[in-house]
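**Q** Chains as they are written, first to last, in UniProt numbering: chain A, 1 to 157; chain B, 1 to 157.
Honestly, I wouldn't trust all of these hints.
[What the hints assert, rightly or not] List of simulated lysine-lysine pairs, DSS-like, C-alpha gap at most 25 Å:
id	chain 1	residue 1	chain 2	residue 2
1	B	Lys89	B	Lys137
2	B	Lys89	A	Lys89
3	A	Lys89	B	Lys149
4	A	Lys137	A	Lys89
5	B	Lys89	A	Lys137
Bear in mind the hints are in silico, worked out from the structure with no lab data behind them.
Protein chains: 2
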Amino acid sequence: MSASPELDAYDRAILAILQRDNTTPQRVIGERVNLSAPAVQRRIRRMEETGVIRANVALVDPARVGHPITIFVEVEVESERAELIDAAKRGFAAVPEVQQCYYVTGEADFILVVTVASMADYEALTRRLFFADNNVKRFRTFVAMDRVKVGLEVSLA
Amino acid sequence: MSASPELDAYDRAILAILQRDNTTPQRVIGERVNLSAPAVQRRIRRMEETGVIRANVALVDPARVGHPITIFVEVEVESERAELIDAAKRGFAAVPEVQQCYYVTGEADFILVVTVASMADYEALTRRLFFADNNVKRFRTFVAMDRVKVGLEVSLA
DNA sequence: GTTCCAAACGAAACAAACTTGCATTTCAAC
DNA sequence: GTTGAAATGCAAGTTTGTTTCGTTTGGAAC
């Protein structure tokens, strides 16, 4: 899971395809990158084992499963004592509505991406998550009007 | 792609599995949700056709492909004229390093998630993206120290 | 309660994709 | 050149995905 045996151009080409559609048959991938299907398969397996590929998932449209609202939250904490920060990380990560959580530098300490069914639900969430937590000094809310670009694709250029 | 024939408990159970691992065999899914493999298959295909499932992708660890730095950027524009906003959307979305882009309400107009190889690269990106654009009034940078929770999973509770 | 229809289901046959074993090739170090 | 480790392609074998088809289910109209 740790060794980084260096990715070559084949690996990158395969990743570029899988990042967009991991249902692409290995035979087709092989044709596009000029390798046989077994070679492709072995490279994929190796990248999965070494953690280059972290997961294979279906991307679901939040609006179609009852979460039409996406919200960004900047959270500022009172104390940055390590154990309090760790507790905050665990707390945020455990909430299903919190889709993403980052610990950041700058004018905020955490940035969260949240999906909810309604603003009322968001309001209830802020109560549970921020107002009930003594270590949260302040938070700022940004409601997404347009999800211009959504994904976790990484540039391989 | 538009009709919403309402998802039932089976569909949700299937989605919950696919959101975490879309390589799970249909038979296994069937066993877990109490359906036959063909039934599972038909439901998945329907959800793909109707857009509930937007894509099937491999999630790649950015650090392992040369992009160890994740950055949030709040962008504030001068004018919110529709055509300028649309131009900004297209411009941001076209940049490979811009992994996510949202048009938001609040103290900023856009929030970007960017992955880069180095701060020097980020500096170069800001030059191209913000300083060269007359409509960008100001931007704020938040560098991720810890990617506490990363994903696009949607709560189905 | 019965009839009818459309939608969804399961079992089995079928097709496609994945996986493994093995001989060959590649390439760098000697 | 020779050697050895690593990767490759081919072909066989296995698993998974897909289609067919007859049956069941769940309503709506009667």
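**Q** Broken hints, numbered, in rising order?
**A** 2 and 5
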